[in-house]
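Asker: Can you make the complete structure from the sequences, with help from the hints?
The residues making up each chain are set out below.
There are 2 protein chains.
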Amino acid sequence: MSEVPDTQRTSPTDPPPASGAWFEHMPSGDRQFFALSPQRAYVLEGGGEIVAPQIAYETWGTLDAAAGNAVLVCHALTGDAHAHGDSGPGQPTPGWWNDFIGPGRPLDTDRYFVVCANVLGGCQGTSGPASIDPTSGRRWGGDFPIVTVRDVVRSQRALARHLGIQRWLAVVGGSMGGMQALEWAVSYPNRCGSLVIIASTAAASAQQIAWSQVGRQAILDDPAYQGGHYYDAPLGEGPHRGLANARRIAMIHYRSGEEFDRRFDRNSNDPIEPFRLEHRFDIESYLDYQAQKIQSRFDANTYLILNKMMDLHDVGRGRGGVEQALKRITCPSIFMSVRTDFLYPRSQQIRIVDALRGSVPVEHVDVDSDNGHDGFLTEPEQTGEPMGDFIGKIAKGSIA
Amino acid sequence: MSEVPDTQRTSPTDPPPASGAWFEHMPSGDRQFFALSPQRAYVLEGGGEIVAPQIAYETWGTLDAAAGNAVLVCHALTGDAHAHGDSGPGQPTPGWWNDFIGPGRPLDTDRYFVVCANVLGGCQGTSGPASIDPTSGRRWGGDFPIVTVRDVVRSQRALARHLGIQRWLAVVGGSMGGMQALEWAVSYPNRCGSLVIIASTAAASAQQIAWSQVGRQAILDDPAYQGGHYYDAPLGEGPHRGLANARRIAMIHYRSGEEFDRRFDRNSNDPIEPFRLEHRFDIESYLDYQAQKIQSRFDANTYLILNKMMDLHDVGRGRGGVEQALKRITCPSIFMSVRTDFLYPRSQQIRIVDALRGSVPVEHVDVDSDNGHDGFLTEPEQTGEPMGDFIGKIAKGSIA
Numbered sequence: 004m005s006e007v008p009d010t011q012r013t014s015p016t017d018p019p020p021a022s023g024a025w026f027e028h029m030p031s032g033d034r035q036f037f038a039l040s041p042q043r044a045y046v047l048e049g050g051g052e053i054v055a056p057q058i059a060y061e062t063w064g065t066l067d068a069a070a071g072n073a074v075l076v077c078h079a080l081t082g083d084a085h086a087h088g089d090s091g092p093g094q095p096t097p098g099w100w101n102d103f104i105g106p107g108r109p110l111d112t113d114r115y116f117v118v119c120a121n122v123l124g125g126c127q128g129t130s131g132p133a134s135i136d137p138t139s140g141r142r143w144g145g146d147f148p149i150v151t152v153r154d155v156v157r158s159q160r161a162l163a164r165h166l167g168i169q170r171w172l173a174v175v176g177g178s179m180g181g182m183q184a185l186e187w188a189v190s191y192p193n194r195c196g197s198l199v200i201i202a203s204t205a206a207a208s209a210q211q212i213a214w215s216q217v218g219r220q221a222i223l224d225d226p227a228y229q230g231g232h233y234y235d236a237p238l239g240e241g242p243h244r245g246l247a248n249a250r251r252i253a254m255i256h257y258r259s260g261e262e263f264d265r266r267f268d269r270n271s272n273d274p275i276e277p278f279r280l281e282h283r284f285d286i287e288s289y290l291d292y293q294a295q296k297i298q299s300r301f302d303a304n305t306y307l308i309l310n311k312m313m314d315l316h317d318v319g320r321g322r323g324g325v326e327q328a329l330k331r332i333t334c335p336s337i338f339m340s341v342r343t344d345f346l347y348p349r350s351q352q353i354r355i356v357d358a359l360r361g362s363v364p365v366e367h368v369d370v371d372s373d374n375g376h377d378g379f380l381t382e383p384e385q386t387g388e389p390m391g392d393f394i395g396k397i398a399k400g401s402i403a
Numbered sequence: 004m005s006e007v008p009d010t011q012r013t014s015p016t017d018p019p020p021a022s023g024a025w026f027e028h029m030p031s032g033d034r035q036f037f038a039l040s041p042q043r044a045y046v047l048e049g050g051g052e053i054v055a056p057q058i059a060y061e062t063w064g065t066l067d068a069a070a071g072n073a074v075l076v077c078h079a080l081t082g083d084a085h086a087h088g089d090s091g092p093g094q095p096t097p098g099w100w101n102d103f104i105g106p107g108r109p110l111d112t113d114r115y116f117v118v119c120a121n122v123l124g125g126c127q128g129t130s131g132p133a134s135i136d137p138t139s140g141r142r143w144g145g146d147f148p149i150v151t152v153r154d155v156v157r158s159q160r161a162l163a164r165h166l167g168i169q170r171w172l173a174v175v176g177g178s179m180g181g182m183q184a185l186e187w188a189v190s191y192p193n194r195c196g197s198l199v200i201i202a203s204t205a206a207a208s209a210q211q212i213a214w215s216q217v218g219r220q221a222i223l224d225d226p227a228y229q230g231g232h233y234y235d236a237p238l239g240e241g242p243h244r245g246l247a248n249a250r251r252i253a254m255i256h257y258r259s260g261e262e263f264d265r266r267f268d269r270n271s272n273d274p275i276e277p278f279r280l281e282h283r284f285d286i287e288s289y290l291d292y293q294a295q296k297i298q299s300r301f302d303a304n305t306y307l308i309l310n311k312m313m314d315l316h317d318v319g320r321g322r323g324g325v326e327q328a329l330k331r332i333t334c335p336s337i338f339m340s341v342r343t344d345f346l347y348p349r350s351q352q353i354r355i356v357d358a359l360r361g362s363v364p365v366e367h368v369d370v371d372s373d374n375g376h377d378g379f380l381t382e383p384e385q386t387g388e389p390m391g392d393f394i395g396k397i398a399k400g401s402i403a
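Sequence lines, in order, name chains A and B. The first sequence runs 4 to 403 under the working numbering. The second sequence runs 4 to 403 under the working numbering.
In case anyone wonders, no lab produced these hints; they're calculated from the structure. It is possible that some hints are incorrect.
Said to hold, decoys possible - What follows is a set of in silico ranges between Cβ atoms, one per label pair, in the way DEER data are often shown:
1. A:Pro192 - B:Gly319: 36 to 42 Å
2. B:His165 - A:Asn270: 23 to 29 Å
3. B:Ala68 - A:Arg266: 52 to 58 Å
4. B:Leu238 - A:Asp371: 51 to 57 Å
5. A:Asp369 - B:Arg266: 47 to 53 Å
6. B:Gly319 - A:His28: 54 to 60 Å
Glycine residues also receive a C-beta, built at the ideal position from the N, C-alpha and C atoms.
Answerer: Structure representation (structure tokens):
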């Protein structure tokens, strides 16, 4: 068994562990665990197999007697099952959607039973590259098999069954979470009561693949990456530089030029003169900070696996194309687009809305935020309110 | 003296030299050389000094008796003095603006004397990091001083004097070339007869700095970078991975999602199934190809120096701000914006146009291209024609 640091970093000045993954001897925090396939290896869409996989998930609220009030929240690339709650032992970050989930919030835990599960290939408790492969006794590392959005959704279907949920009142997600939500409604139309999708797409575009590629490349180029087998590296010696630059690159296309101008402009706490290469404008310090912060909660191998998963996302694959696949959807749906999102542009959401219009009730909301793609995380009023209203109507049966 | 490969790579399958710079024992191609400061060290804006600097430049056409038909073309980041002509010994690429320069072309060499000089800090003949510092007898490498756009323009002013040109009929440039053109008109309003600027800005924005940072970081993170002292590395062992990923990142924001969708979509010559991490969509192969191609004509240190130069670009620095600085401009000007350019968005050009309007004749042209920022290189009809018309009117004195 690999030796891994058994506590998470407490100070940002400590050298980071080789991986920011959650490891099995850490406190479990609010995680619950579901043995996805205890009897046999779990076979993935691409043919890879995972022996004894587990899913880490969290729930909030109470499932009603008819199991009719369950909402599945699907997380994005660097998210995890901890969509709601505080940080604490085993849980380095507060809930990534705290403003959206809770009593009286759009996903009202007084009314709904809200579920969020870390995706397969993730690094916060669900089986992923940082997990031990029982067949070898070693952590998977770079040998973890390719996972697709369809695999993730199928694993979530098993979790739903385990929780006694035959049909979700709503499946909700932004970005990579929206890919899962859409795939839910295509794979299991009868299990999906409605869809709420923000800033997502029916198939990754060439430009999205390109951005994904350069982030992956930054990690693969890091000599400390070691073919993905870096979990035994001492503190501070994992593939931190690679993951750091991948994160800097991502933060640029997750936000917007408009926001950066507003927040940073050409400001510089570091004196510009005398000129020197090492000088940092404030925007650079911000990206350095984000690059540092992700080290304590994310894993470089998961970054590779989930980015490839997004690149492979195409609801139309093997189904006669995107438009043909979308015809399988039978539930009411709402889609939202962020004005400044140049990573998942509005046209990608409109493509889906146009395909659904006429066959199911479908709405589209424009979100006026300068936060770019991250607007799916940061606008509880503009996205949360229509989401709450929409799901409320679904619950009352006033959209069907 | 450092040992460097004395011929440029002839086959793309050969391992690349440590640097794609031009070195002094290579054929000079069409380069002419100007000793910028033969008597004393050339002192830069930031205080750095270069002993015995030289400028490599090319000219096309004939300077008229009154020296009134000279047009200065300023190159962009990875450009050089070879704006026009074929590839050949010492010159790995054909002219980067061949469609714009030549008899009957917008910069008509039957009428104009066209000059283009490699910038200070460059790597194609002008003194830069790959040059030998006579004070140490070694190549500058990572010790090359910081160069600003103002330094470049001042060096071009010295070259103009050397060529007998007191006043340019026009100063022309796109992107980093446009920064130089604008700085010309601010620094030397009496020496600048008109401006033609495409896809450029009066000051680098936070987002532009961010993109610049991640490209630099990719190089700095490459262990083969060696503090910039890699010129002695054997073939194939320079900072190629770092420069490669910097180039991939840049190519994404130099082009546009719209173009990538049109050209590549989700196409894949490499079979998608069985799924694997190493799989390449066509867009990825394209970026890999661009990343490979730049190795034979560019230098990683120059990449760092010129990106920092662009980040420091701010015509308003020390002049009371951008709008105040732009008041110094006295010449007719034309600005062009590319519809899909999200790196140098239209608003940056409009800011300058708005500042000039009312004080000098100013025009603005919208270029309808899906080539993104690179539209400044690729649209000889949409940008070349208005450019040719504009300079023609300047030459006839019909705009003044």
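Asker: Taking the hints in turn, state whether each one holds.
Answerer: Hints and how they fare:
1. A:Pro192 - B:Gly319: 36 to 42 Å: With Cβ atoms ~58 Å apart, the hint is violated.
2. B:His165 - A:Asn270: 23 to 29 Å: violated (40 Å)
3. B:Ala68 - A:Arg266: 52 to 58 Å: holds (55 Å)
4. B:Leu238 - A:Asp371: 51 to 57 Å: holds (54 Å)
5. A:Asp369 - B:Arg266: 47 to 53 Å: violated (29 Å)
6. B:Gly319 - A:His28: 54 to 60 Å: Holds: the Cβ-Cβ distance is about 56 Å, inside 54 to 60 Å.
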